[in-house]
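Trainee: Residue-level listing of the chains:
Number of protein chains: 2
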Amino acid sequence: MSALLTDLYQLTMAAGYWLAGKTQERATFELFVRRLPPNRNFILVAGLRQAADYLLNLRFSDEDVRYLRDLEQFSRLPEAFFDDLRAFHFTGDLFAVPEGTPLFAGEPLLTLRAPMMEAQIPETYLLATLGFQTLIATKAARMVEAAGGRAVVEFGTRRAHSPGAGVLAGRASYIGGCAGTSNTLAGREFGIPVFGTAAHSWVMSFPTELEAFRRLQELLGPATTYLIDSYDTIEGARRAASLGEPLWGVRLDSGNLVELARAVRGILDAAELPGAKIMATGDLNEYKILELVAVGAPIDAFGVGTELATSSDAPSLGAVYKLVEMEIAGARRYTAKYSEEKATLPGAKQVFRYAGHDVIGRAGECPEPDCEALLRPVILQGKLVAELPSAAEARERARASLERLPKKLRSLFECDPAYPVELSAELLHLMEEVRRQARINGT
Amino acid sequence: MSALLTDLYQLTMAAGYWLAGKTQERATFELFVRRLPPNRNFILVAGLRQAADYLLNLRFSDEDVRYLRDLEQFSRLPEAFFDDLRAFHFTGDLFAVPEGTPLFAGEPLLTLRAPMMEAQIPETYLLATLGFQTLIATKAARMVEAAGGRAVVEFGTRRAHSPGAGVLAGRASYIGGCAGTSNTLAGREFGIPVFGTAAHSWVMSFPTELEAFRRLQELLGPATTYLIDSYDTIEGARRAASLGEPLWGVRLDSGNLVELARAVRGILDAAELPGAKIMATGDLNEYKILELVAVGAPIDAFGVGTELATSSDAPSLGAVYKLVEMEIAGARRYTAKYSEEKATLPGAKQVFRYAGHDVIGRAGECPEPDCEALLRPVILQGKLVAELPSAAEARERARASLERLPKKLRSLFECDPAYPVELSAELLHLMEEVRRQARINGT
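As you go down the protein sequences, you meet chains V and Y in turn.
Following the working numbering, the numbering of the first sequence begins with 19 at its first residue and continues without gaps.
Following the working numbering, the numbering of the second sequence begins with 19 at its first residue and continues without gaps.
Only chain V is shown next, with the shape it has when bound in the complex (with noise of 0.2 Å):
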């Protein structure tokens, strides 16, 4: 992984850092988002496997070296700061929430600590990799509990930002409870369920719808699913139920999907094929997938593209890495911003998780029994100590968690009062001594 998949600041810092002698100094940051995304309960945390890959591969390539040496920016730096690059790799300790696990505003999903310049590299990585995929599978999580118990399936890499963005959306997706995913790498790279049959296309490649559906159910037999919608959704789902068994049913891509899927019903019950299922797709999001539901359309499954892959109604987490912590020459310095938009607590955390209450404490505190403390040891002096889970194990995890969670906090719409998230009594006493360190030194 190259250590300049970051940002340029981050690197002329760590510059910066070994100029100034601090390679020495240790950073704790933590990575959390201030405010939930509209609409959002919680946030659904994913993406700690691809982050802890990345710290435990991070390097500077020669030729990545040759590239900042030649920048105006690193000019004035010694050749031995370009040897330390070239022996660079990540000697700290990662924190972190399981994937899987809802967390709330102000809760961090990890803890970062390791001397000053392996701790800044990492941020924008950190906060892109982890960001996106718990965005991914906060909103996969909305559109399965719409779904109310029918599968739903990730169809959107064509609409991912990226390739490769599609891969992780389909694996986020999965741990938020989508049955699983179009995306075929996300399948064989994360061993999660795939699915797809056939486009439009497959239908007019042939003289005859007919044709193209009986040639569809050779080749997949009790997967075969029929796209009815290229010419006449109800001539094809006349078609579809001619050919009788195997089939797995047919997909809706367009039109009025009540209408369309009673009527379908209809003709798969008429040709008795009670067991032929009936998939929506087209421009779905969890809001439409709640209408269809609570309508009682016939509808078994439901396949999100665009809407899913790229979380449309809110396209970004926000997540913030922020340094709350600094060991210099043994001695340690807790850092805090006050304003209030941008307001961050001091000290390394750990978030402590009741039956029906979150406490955010500070790392060392001892907690009331019948608590589960959600920061776990991931990587310590650089190396992984945990076993990380699979893509199902997470997805379990959040399916058990989110069960747990009381029912109003799983509404699509905002729910106030806010799940109830206090500030221990030490993490308070440790902000009134920092903020009051601060007024006497001033700035």
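Some hints here could point you the wrong way.
Each pair may be met inside one copy or between any two copies, as identical chains are not told apart.
[Stated by the list, open to error] With a cut-off of at most 20 Å between alpha-carbon atoms, the simulated DMTMM-like pairs for lysine to aspartate or glutamate come out as follows: (1) K295 / E90; (2) K425 / E290; (3) K306 / D271; (4) K295 / E253; (5) K425 / D102.
Think of the hints as simulated: they come from the structure by calculation, not from any bench.
Being a predicted model, the structure only gives us computed values, none of them experimental.
Start from chain V and add chain Y according to the hints.
Mentor: Same frame as chain V, now just chain Y:
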């Protein structure tokens, strides 16, 4: 490039074409947008280089083939099919509009002609890579237009949809007219200018702001840009000014940018630093930039993150890839759709650009003189036949092309009427023929 980075249905269709003996049939697909995204009067094409790289390197690895063979959907395929996958590569033709070209609704970004399987599989990747980069280049062009000659720099990787999307967003933003990017890997890979100096964590890691500033100046010399809002912007400006030359300038990242920019300008001028520049950042978009420029805020450069790297007001382009023509045993068959919402035009096309209007015609048409045919051969029979422009060359093409458009087309708001795009007489004739034939045949 793994051929699995696509929707599963492309692969099941490919298998179906193989099974139906359609491997010798050739298909022509076109990629275009049906409607421009909201408030856009054009799209700016980007992503062709990645699209061509993909087609030239498209392969199934042994691992890919093993994965497919184990899927239920491929269980009816004989071993010969998997042997063919192992030998699979792209042997078709690609015609495309050069990167940096503005296009309008309905105009193909590319035309791909190949044996059915080879034409079907790339759909997902091509849509994602051209769709995303075109989306971002278009968004960047809006920001650059709003900035009226002031520099706009792309700072959005942390909010991009995955770190890899950030690299491509840096590239696309540059093509769209940005001065550069903070993404260092995009800088190295695509020869794009990179920008960035220091964040709040730099300032906070030193005992005082002044010391942090002094250390930055030592490091960066004339590239020094002080981030002055960590504690108090006005105090920060005074401290920056007290250090004198060398510096590039200061960065404002919060607060009332108009008032602060004026006050800071005054401080810099009073310190006899008239050459020191002011950069503004912090949740900017094209509308905010337009406002800051309109009120005459003394800001020399803008850094834009989230809204640029996610095109947050229009986070998907809605591009489609449609079958327009088939060649079966030497006979040509044209395909089209006539539904109001999802109409497509039959046959391979060309876009003829005249001064003041475009004509979409048939691919083989002889146009009037004084026009540019925008779709050009890039790959023929699987071989690259054109030199692909660098990002800098695409950026220059974009600049020159946008300058030639009527100024109102570059507005941040929808202009009515839209840019005139006509259909040629030959294309209209083909449409009528195909429609007539469809009526005769039924479906």
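Trainee: How do K425 and E290 come out at 20 Å by Cα distance, when the copy is not named: within, between, both, or neither?
Mentor: neither (38 Å within a copy, 63 Å between copies)
Trainee: Given identical chains, is K306 near D271, meaning Cα to Cα at most 20 Å, within a copy, between copies, both, or neither?
Mentor: Classified as within; 14 Å inside a copy, 39 Å across copies.
Trainee: Using 20 Å as the alpha-carbon threshold, which applies to K425 and D102: within, between, both, or neither?
Mentor: neither (53 Å within a copy, 52 Å between copies)
Trainee: Between K295 and E90, at a C-alpha cutoff of 20 Å, which is it: within one copy, between copies, both, or neither?
Mentor: between (63 Å within a copy, 18 Å between copies)
Trainee: Within a copy, between copies, both or neither: where do K295 and E253 come within 20 Å Cα-Cα?
Mentor: The answer is within: 17 Å in one copy meets 20 Å, while 67 Å across copies does not.
The structure fails hints 2 and 5 (numbered hints given earlier, in ascending order).
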